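Can you make the complete structure from the sequences, with help from the hints?
Number of protein chains: 2
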Amino acid sequence: MFTLRSLAATLALAGLVSVAHAWETLPTEAPAPADNPNTPEKVELGKMLYHDPRLSSTGTVSCASCHNTMLGGEDNRPNSMGVNGQTGGRSAPTVWNSAFNHVQFWDGRAASLEEQAAGPVTNPIEMGMKSWDDVVARLKAIEGYQTAFAAAFGLDGINKGNATKAIAAYERTLITPNSAYDKYVGGDLNALTEQQVRGMEKMAELGCTGCHSGPAFNGPGLFQKFPTHSNQYFEAQHRFSKDLGVAEVTKKAEDRHMFKVPTLRNVALTAPYMHNGSVNTLDEAVKIMAKLQLDKDLSKAEVADIVAFLGSLTGPFPKQEMPRLPGTPGTTAN
Amino acid sequence: MFTLRSLAATLALAGLVSVAHAWETLPTEAPAPADNPNTPEKVELGKMLYHDPRLSSTGTVSCASCHNTMLGGEDNRPNSMGVNGQTGGRSAPTVWNSAFNHVQFWDGRAASLEEQAAGPVTNPIEMGMKSWDDVVARLKAIEGYQTAFAAAFGLDGINKGNATKAIAAYERTLITPNSAYDKYVGGDLNALTEQQVRGMEKMAELGCTGCHSGPAFNGPGLFQKFPTHSNQYFEAQHRFSKDLGVAEVTKKAEDRHMFKVPTLRNVALTAPYMHNGSVNTLDEAVKIMAKLQLDKDLSKAEVADIVAFLGSLTGPFPKQEMPRLPGTPGTTAN
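Chains as they are written, first to last, in the working numbering: chain S, 130 to 463; chain B, 130 to 463.
Quick caveat, the hints were computed from the structure, so don't treat them as lab data.
Wrong hints could be hidden among the right ones.
Chain copies aren't distinguished; within one or between two, either way the pair holds.
[Claimed, not checked] Under the rule of at most 30 Å between Cα atoms (straight-line distance), these lysine-lysine pairs were calculated in the DSS-like manner:
no., residue 1, residue 2
1, K269, K429
2, K331, K312
3, K371, K289
4, K448, K371
5, K289, K448
Please read all numbers here as calculations on a predicted model, not as lab measurements.
What follows is the structure, given as structure tokens:
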């Protein structure tokens, strides 16, 4: 990844950004693992699978239902709604730039996009399939998928591993480099407003960038404790501590309330906020994060500046052709 | 509409189609009403609204959820699933070529696409919005929709009438002319297989085309009684008579079991079949229709020929760019 320490220093000298922080731009390609290089055929297949509701027990929920590629990569709901109207306790993270996450899910229980893609399909409250064997059987019955898997992986290519590889390959194309922020850091000093530059400086000054750094603003580290500072008022309102985070998976005391540091890219589009989606607006989210993580009370103007800056991390979104999903013989779901 | 009586006659003379029937091709543009001419801005806005789940109470169900433009224009379910996992008693009709329907809904209770588009949004088991006022308020709060409505309808253009006009305008672009059938009727005698031509002839000979005629195979008339011939065996299996059809709306005795004649375009992609989605395969649907509507028992070969022909009514589907839905300020739905 391209680190712009020198430019940041230049900007600091110019008085534009007065706090030394390594502001980084988003690469224009997401890195792919050695065992799953991106190919056009794989990406096209992944796009089909990602948008196909027939990967759910009811035939109504696709990956895109909760991680909507037409929107900010999620569903603007506190908690997503899976098959038969069921909901869980966490808010769907955005799929945009998830290729740059160090781990996946709020509790980081998946190390890769490939591993992540396997989860929701058989989660009873998400896509509700009984098993991946059932998914594979359903895909094998659809002639168009036989062709698409063969093009991407060769004959007899329909299996769980290839399906999740294809979905991950597609997700690696869902990235938003060249935002206003990226242009600014790249040297176009007109790309941000004065208010946005103030917000940018403020984030470094306050220490937000201690966790939200790097090209995707998702940290040098994988996890952080949330809340770090206890606060009765916000706890009563939002019940942040009800969810044990990583400890829900590991059952270890030291993992209690540890959460993946989420990307701030496109955060203006992903209300409501926090792991449980209990905070409705970005203004409130900024205020709460400053208080609970940094023990700082922000003025309204400081919040407004930071929110203005965060808006510079939105898009641009690549144009995508709608996938054509292959036809199904007979009933698929009911 | 372009009627190919002369070509049909020529084909008949050539022995290719031996039954006199006016086979018609699908126009390459759908007719628009005088008060809602298609414009690119309107179509683009309609595409956004059509795919936007924020038009539902839960933020999870869009028009496209049940009338999937990436598939055969519906959801491959017996009955669609609306907000909170609710289901009704009817199977979603395809949106593809719905612009050529003479009336909309299975019971024909909407005279136009504009009128149809208004219905599901406030249906409690479909999209579940309390009122169109609530929909309009939600749209007005989204800056990108202010711009898109202004581009399509001028300032202060966000209202129910314009929203449904835009959706209808988009739907008028969802048509599939130039299928193999259309090419054949247009003179390309290699466009259909011999089996498909046999099926085509058989449909006219049996009388299927008495109801399923015209460019969209949805009749010269608006409604037909289904079932026409009572049959204990199929009734026990499929409960077709439970639904009173048009009479559910009009409460009139003469409207009992009257249903809109559905298009056969893309029927190979829209399993399961019939108004209640109780028939899983196209083979079975063809067999049942012949028995219940024409009192005829088809051989397996006849069914196979007709099904092969119906496959020639699939696509081709226009390439579409995925709409970008404008971002939402704060929570939209929960």
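Verification of the hints:
For the identical chains of this complex, K269 and K429 are inter-copy neighbours only, at 25 Å across copies versus 56 Å inside a copy, given an alpha-carbon limit of 30 Å. Proximity of K331 and K312 under a CA criterion of 30 Å is satisfied intra-copy only: 19 Å inside one chain copy versus 65 Å between copies. In this assembly of identical chains, the alpha carbons of K371 and K289 never lie at most 30 Å apart, being 34 Å within a copy and 42 Å across copies at closest. Proximity of K448 and K371 under a CA criterion of 30 Å is satisfied in neither setting, with 40 Å inside one chain copy and 47 Å between copies.
When the C-alpha separation of K289 and K448 is checked against a cutoff of 30 Å, the pair qualifies both within a copy, at 28 Å, and between copies, at 29 Å.
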